[in-house]
Amino acid sequence: MVKAGPVTDRAPIDSPDSGVRPRMLLAFDQSAYLPILLIIMMAIAFAVGNIGVSLILGPRREGDVKSITYESGMNPLGTARKRFNVRFYILAMTFLVFDVEIIFLYPWAVSFAQIDPRSPDGSLFLGRVLFFLFTTVVAYVYAWKKGVFRFD
Amino acid sequence: MIEKLAQLHPEIALFAATCIVMVLGLAKSSFWRGMSVWVTGLGLVAALVLSFFSPQTDGMLPNSLPYLKAMIAAIGLMILPLMGGTVDRWYERTVGRGASFDPLRVTRGEFYAFYLLSLMGVMLCVTADDLIWLFLALELTSLPTYIMVAMSTPRLRSQEAGVKYFFLGALSAATFLYGFAMLYGATGTTQLQDIAIHFRTEGMGLIGTLGLVMALIGVSFKIAAAPMHFYTPDVYQGAASPVSAFLAFAPKAAGFVVMIQLLSTVGWGWGEHGIALPEALRITLWVIAAITMTFGNVLALLQSNAKRMLAYSSIAHSGYMLVGLLVGPGQGPIAGNGLGAAMFYLLCYGVMNLGAFAVLACLEKRDEHGELVEIETVEDLRGLHAARPGLAWAMTLCALSLLGMPPLLGFWGKLGLFTSGISAGEIGLVVIMGLNSAVAAFYYLRLVRAVMLDTRDEDMDRPALTDMFGRRVAAGLSAVGVLVVVIWAGQLQAASDHATEVNPRIRQFNERVVEAEETPVIESIARND
Numbered sequence: 183m184v185k186a187g188p189v190t191d192r193a194p195i196d197s198p199d200s201g202v203r204p205r206m207l208l209a210f211d212q213s214a215y216l217p218i219l220l221i222i223m224m225a226i227a228f229a230v231g232n233i234g235v236s237l238i239l240g241p242r243r244e245g246d247v248k249s250i251t252y253e254s255g256m257n258p259l260g261t262a263r264k265r266f267n268v269r270f271y272i273l274a275m276t277f278l279v280f281d282v283e284i285i286f287l288y289p290w291a292v293s294f295a296q297i298d299p300r301s302p303d304g305s306l307f308l309g310r311v312l313f314f315l316f317t318t319v320v321a322y323v324y325a326w327k328k329g330v331f332r333f334d
Numbered sequence: 301m302i303e304k305l306a307q308l309h310p311e312i313a314l315f316a317a318t319c320i321v322m323v324l325g326l327a328k329s330s331f332w333r334g335m336s337v338w339v340t341g342l343g344l345v346a347a348l349v350l351s352f353f354s355p356q357t358d359g360m361l362p363n364s365l366p367y368l369k370a371m372i373a374a375i376g377l378m379i380l381p382l383m384g385g386t387v388d389r390w391y392e393r394t395v396g397r398g399a400s401f402d403p404l405r406v407t408r409g410e411f412y413a414f415y416l417l418s419l420m421g422v423m424l425c426v427t428a429d430d431l432i433w434l435f436l437a438l439e440l441t442s443l444p445t446y447i448m449v450a451m452s453t454p455r456l457r458s459q460e461a462g463v464k465y466f467f468l469g470a471l472s473a474a475t476f477l478y479g480f481a482m483l484y485g486a487t488g489t490t491q492l493q494d495i496a497i498h499f500r501t502e503g504m505g506l507i508g509t510l511g512l513v514m515a516l517i518g519v520s521f522k523i524a525a526a527p528m529h530f531y532t533p534d535v536y537q538g539a540a541s542p543v544s545a546f547l548a549f550a551p552k553a554a555g556f557v558v559m560i561q562l563l564s565t566v567g568w569g570w571g572e573h574g575i576a577l578p579e580a581l582r583i584t585l586w587v588i589a590a591i592t593m594t595f596g597n598v599l600a601l602l603q604s605n606a607k608r609m610l611a612y613s614s615i616a617h618s619g620y621m622l623v624g625l626l627v628g629p630g631q632g633p634i635a636g637n638g639l640g641a642a643m644f645y646l647l648c649y650g651v652m653n654l655g656a657f658a659v660l661a662c663l664e665k666r667d668e669h670g671e672l673v674e675i676e677t678v679e680d681l682r683g684l685h686a687a688r689p690g691l692a693w694a695m696t697l698c699a700l701s702l703l704g705m706p707p708l709l710g711f712w713g714k715l716g717l718f719t720s721g722i723s724a725g726e727i728g729l730v731v732i733m734g735l736n737s738a739v740a741a742f743y744y745l746r747l748v749r750a751v752m753l754d755t756r757d758e759d760m761d762r763p764a765l766t767d768m769f770g771r772r773v774a775a776g777l778s779a780v781g782v783l784v785v786v787i788w789a790g791q792l793q794a795a796s797d798h799a800t801e802v803n804p805r806i807r808q809f810n811e812r813v814v815e816a817e818e819t820p821v822i823e824s825i826a827r828n829d
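Quick note, the sequences are listed as chains H and L, same order. Sequential numbering from 183 applies to the first sequence in the numbering used here. Sequential numbering from 301 applies to the second sequence in the numbering used here.
Source of the hints: derived by calculation from the structure; they are not laboratory data. Do not take every clue at face value.
[Said to hold, decoys possible] Once the Cα atoms are required to be at most 35 angstroms apart in a straight line, the calculated DSBU-like pairs of lysine-lysine come out as:
#1 H:Lys264 <-> L:Lys328
#2 H:Lys264 <-> H:Lys248
#3 H:Lys327 <-> L:Lys464
#4 H:Lys248 <-> L:Lys665
#5 L:Lys665 <-> H:Lys328
#6 H:Lys264 <-> L:Lys304
#7 L:Lys464 <-> L:Lys665
#8 L:Lys328 <-> L:Lys665
#9 H:Lys327 <-> H:Lys264
#10 L:Lys328 <-> H:Lys328
#11 L:Lys464 <-> H:Lys328
#12 H:Lys327 <-> L:Lys328
#13 H:Lys327 <-> H:Lys248
Can you make the complete structure from the sequences, with help from the hints?
As structure tokens, this is what we get:
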């Protein structure tokens with residue numbers, strides 16, 4: 183059963199006085215959110231600081247090159263409404279499949295170490311992740327046969 | 301966990317078939333590409349067989365798996381011959397003439413893979429016992445259908461339909477997900493059973509009621525019910541007829557199953573007769589059902605396009621089935637079980653609706669650019685009896701069955717809905733339903749008149765028969781099904797009644813709560829259970 187909010191031992195959810203819902207929802211340990219607050223403040227400081235510093239330190243020049251769409255990218259030639267090759271996009275998506283796979287594998291590996299690999303639980307645990315790997319392999323074979331990796 | 305896996309065997313079969321089909325559709329030899337439809341069928345047959353051996357679940361409807369999953373797989377098998385050859389028709393012909401094969405330009409494997417994935421989503425909705433699972437299963441049902449609509453024909457209209465369907469589908473997903481979030485906020489759990497127990501012991505409260513109403517309204521998109529029905533005619537018209545036939549079944553089945561799961565957390569299995577839905581939900585469902593069937597039928601009257609007409613009729617049929625949901629499981633016997641009636645009607649609707657779309661898919665004509673397109677308007681169907689008597693009879697049987705003519709399948713489906721509505725005392729809604737059935741007679745009989753009685757003008761092009769044999773098979777299957785399935789209607793109805801029995805654990809819990817109503821230790825019961 184999943185419970186709402188990061189409930190800590192300070193406000194047990196099963197305590198007799200937790201019958202009223204709003205009280206239960208408010209009764210979490212607020213200091214548990216301190217790291218999140220810190221990260222938010224760091225993010226704000228980073229964004230504001232960068233803009234502020236570049237406002238102070240950055241040189242100000244005007245000119246033809248400065249005013250084009252991509253200052254340090256390609257020259258905007260022709261119409262923007264023509265077809266362009268999407269193969270990089272597809273390639274990036276294929277990469278993403280494996281990226282996400284790693285994200286799933288990491289917690290799996292951490293908790294697998296705590297299970298006895300010879301128990302039935304262990305083989306089920308292993309089987310499940312192998313099945314997951316199999317599905318990504320199928321996706322890879324599909325992309326390969328579809329010609330995603332051919333650059334000609 | 302292993303036991304839980306046993307419930308998912310049909311889905312695993314479908315998934316295995318999906319993996320094979322996806323790669324097989326890109327094979328270099330056209331023989332292997334052609335095999336993809338057979339592998340799809342094989343996967344569905346395996347799922348059908350496996351679903352009969354599904355164990356009882358611990359969810360809200362413990363006996364539902366064998367009947368519902370078998371129904372989904374069986375209807376999926378019936379739609380499959382209609383699907384065969386829908387995409388890649390012109391490209392395969394080009395390759396057949398000796399052009400080199402370009403895997404980027406074929407979409408057949410994807411098409412069947414999406415078809416299987418969508419059916420798998422519907423089955424997962426049946427197995428679900430958790431809000432998150434429900435959400436994922438619903439999305440797995442819907443996301444492939446958005447793409448199937450867009451790629452079903454090479455015409456721009458299909459892409460437009462796909463985009464419309466996608467955006468409105470995203471809106472509905474947002475709505476019911478918001479509802480789910482509120483349910484979680486109100487109860488602190490995502491397990492449907494725990495939600496039910498929480499609602500029983502502590503009452504629904506404002507947030508719980510609001511969450512459930514929002515979830516129901518969001519899911520009403522899937523079943524094409526008001527207030528989320530607007531997409532239906534446009535999408536059905538834009539998609540190829542086989543995909544429209546699929547859309548009229550799969551998302552609808554998923555939507556109804558999810559609605560039953562959600563509603564079973566409140567009311568059913570409680571109260572003296574086990575039919576007490578909270579008043580707010582009862583009124584919501586009542587209004588949705590009444591508006592849906594009236595709206596669907598009245599607008600279907602105005603259509604000259606047969607596909608749009610069938611789309612509005614699909615809205616109306618959702619309204620009929622909602623009556624069964626409103627009634628709930630009733631006292632138990634066949635006549636009183638609204639859920640059983642609704643699930644049996646879903647099966648009937650799947651069979652008979654398929655035939656109507658299949659007949660449209662079988663016929664082609666040249667459009668203004670000289671390309672062969674599927675026929676759409678009632679006008680095109682005129683005088684079909686003289687040209688293609690078999691198809692004309694299939695259309696007639698299916699239209700009469702959709703109307704609810706007595707010996708045919710549709711009648712037995714509707715009968716259950718009517719009797720369950722009356723036994724629950726929903727007389728007002730049953731009267732509206734009766735009036736609507738009468739209104740529906742007008743446009744279904746217009747279809748029948750066009751194919752059987754009207755004669756074709758001299759200067760009209762004769763609609764050409766498509767070269768896809770499977771589509772005629774599907775039309776035939778459906779027409780025969782409308783006549784023959786009636787023989788087993790009793791058994792099927794009993795099976796669907798059995799499938800929709802509410803979990804005895806919830807029932808027992810409720811009885812104990814009723815006994816202990818006066819004592820203040822209800823929470824302790826909740827924890828022991």
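Outcome of the hint check:
1. H:Lys264 <-> L:Lys328: Holds - the C-alpha atoms of L:Lys328 and H:Lys264 are around 31 angstroms apart, at most 35 angstroms.
2. H:Lys264 <-> H:Lys248: holds (25 angstroms)
3. H:Lys327 <-> L:Lys464: holds (31 angstroms)
4. H:Lys248 <-> L:Lys665: Between H:Lys248 and L:Lys665 the Cα gap is close to 58 angstroms, so the pair fails against 35 angstroms, i.e. violated.
5. L:Lys665 <-> H:Lys328: Holds - the C-alpha atoms of H:Lys328 and L:Lys665 are around 33 angstroms apart, at most 35 angstroms.
6. H:Lys264 <-> L:Lys304: Violated, because 51 angstroms separates the two Cα atoms, which is more than 35 angstroms.
7. L:Lys464 <-> L:Lys665: holds (26 angstroms)
8. L:Lys328 <-> L:Lys665: holds (32 angstroms)
9. H:Lys327 <-> H:Lys264: With a Cα-Cα distance of about 27 angstroms, the restraint between H:Lys327 and H:Lys264 holds, given a limit of 35 angstroms.
10. L:Lys328 <-> H:Lys328: Holds, because 11 angstroms separates the two Cα atoms, which is no more than 35 angstroms.
11. L:Lys464 <-> H:Lys328: holds (28 angstroms)
12. H:Lys327 <-> L:Lys328: holds (10 angstroms)
13. H:Lys327 <-> H:Lys248: Given that 35 angstroms is the threshold and the Cα spacing comes to 44 angstroms, the pair is violated.
In summary, the structure is inconsistent with hints 4, 6 and 13 from the numbered list given earlier, while agreeing with the others.
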